[in-house]
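**Q** Sequence:
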Amino acid sequence: MRTALALLAGLTLLLSPAPAPADGPQATYVLRVPAPLGESAERLLGLGYDVAEHRDGADLFVIGNAHTADDLRADGFQSTVESALPASQQVPRSPDATTYYGGYRTVTAHLAHLDEVAAQHPDLATVVDYGDSWRKTQGDGGHDLKAVCITRMAPGDCALTPAAPKPRLFVMGQLHAREITTGDLAWRFVDDLVGSDLTALLDDLEVWVVPIANPDGVDIVESGGDTPVPHRKNAQGTCSSGPRGVDLNRNAGSHWGEVGSSANRCSEVYRGPRADSEVETQALQALWRSLYRDTRAPGDTAAATPDTTGAVISMHSYGNYVLFPWGWSTQKSGNDEALRRIANEMAALSGFRAGQPGELLYNASGATDDWVYDDLGVPSFVWEIGASSGTCGGFLPPFSCQQDVHWPKVRAMLVSAMKAAHKPY
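Here the working numbering is used: the first residue of the sequence shown is 34, the next is one more, and so on.
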């Protein structure tokens with residue numbers, strides 16, 4: 034069976050700006066690994082393998098090099114080669130380029146787009162600089178971390194206070210840098226909010242969009258031009274034998290350091306040296322705390338109060354899933370019934386499957402969606418967008434797939450989320 038990961042053919046194992054090994058770029062292999070739900074899957078992730086967010090029955094898929102099958106065998110896992118992806122060289126981009134890989138926008142283009150929308154629609158949109166990426170804090174390039182607030186502007190709107198008058202939907206893309214579908218869909222959502230029938234829903238709702246939550250990581254991805262570098266993490270840290278950086282979706286301080294993450298800084302699921310260590314994580318959490326009231330008491334079984342408003346969507350790829358807390362365990366949250374209802378409503382519009390991560394994929398700790406619900410009580414969801422096979426599947430679908438395949442499904446789910454944000458519980 035051909036999986037969507039075969040679409041990565043031609044990409045190099047060069048997942049960071051660090052030099053390639055002395056013997057040159059290496060081929061990438063996609064390995065099918067029997068790892069049923071539960072202990073086997075969690076051990077595979079805990080060992081630090083690059084496990085795709087896709088499952089086929091009892092099998093998961095590991096991305097690796099020529100030595101990965103031997104490493105898996107030594108760790109007690111059998112594997113078969115699903116596909117062999119030949120190495121290729123990066124093709125330098127023009128420093129003035131605003132697109133790559135057939136039309137995907139660069140980080141610079143995304144940030145400029147937010148400013149342009151706010152300038153053209155001052156009655157609807159305002160841009161908020163909520164922090165700096167790690168490289169910018171080091172004086173080594175990098176970017177501002179930017180969000181756009183979109184609503185029918187009235188006094189008190191888009192203020193950084195949990196006491197703002199309207200409920201808030203928050204949508205972000207490319208927390209995992211290589212998941213380029215999600216940044217493009219965020220761009221389309223912004224344009225739709227200010228130029229379509231969706232504008233009518235903004236009289237009593239604020240929509241906050243962060244199209245690129247991990248800009249340093251996306252810089253690495255887009256540096257490959259027509260062969261994007263499949264980098265997942267941010268750019269903080271070093272590694273001599275794999276990708277640099279910290280997995281921002283394992284760094285959040287909700288059950289940090291537990292299942293589904295790794296202490297190995299070369300792992301794709303490296304959780305960082307401590308909970309909330311990364312500036313991108315800290316900035317997002319500060320922004321969320323400024324936008325939402327805390328309506329949930331401490332404890333894994335406590336429920337948020339019925340007067341909770343808002344929702345947070347983190348778009349990822351791929352697998353066609355709608356996921357909700359808890360992700361660190363299959364234990365049910367205090368608001369499981371409502372979260373499950375909202376997730377099922379979204380999934381019904383797109384043909385996705387809904388459930389907790391451990392019900393559909395594997396458990397993983399330190400995720401942003403768990404943090405949002407844990408810390409604030411706000412309903413939070415992860416959308417894994419894209420099929421596991423076919424032309425438009427995987428991390429790097431052709432740009433045409435966004436308009437023709439992904440956007441119609443995701444737009445319907447976004448409208449559903451806009452409506453749910455008013456009284457989710």
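The hints are simulated quantities; they were obtained by calculation from the structure and are not laboratory data. One thing to keep in mind: the hints can contain errors.
Using 27 Å as the maximum straight-line C-alpha spacing, the simulated DSS-like pairs for lysine-lysine come out as follows [unchecked claim]:
hint	residue 1	residue 2
1	K365	K456
2	K179	K169
3	K452	K442
Here are the computed distance ranges between Cβ atoms for each label pair [unchecked claim]:
hint	residue 1	residue 2	range
4	A381	K456	17 to 23 Å
5	D104	A192	27 to 33 Å
6	A308	Q111	33 to 39 Å
7	S433	K365	29 to 35 Å
8	D104	P155	53 to 59 Å
9	P441	R374	19 to 25 Å
Where is the CB? At the ideal position from N, CA and C, for every residue including glycine.
**Q** Could you check the structure against the hints above and give me the numbers of any it violates, in ascending order?
**A** 5, 7
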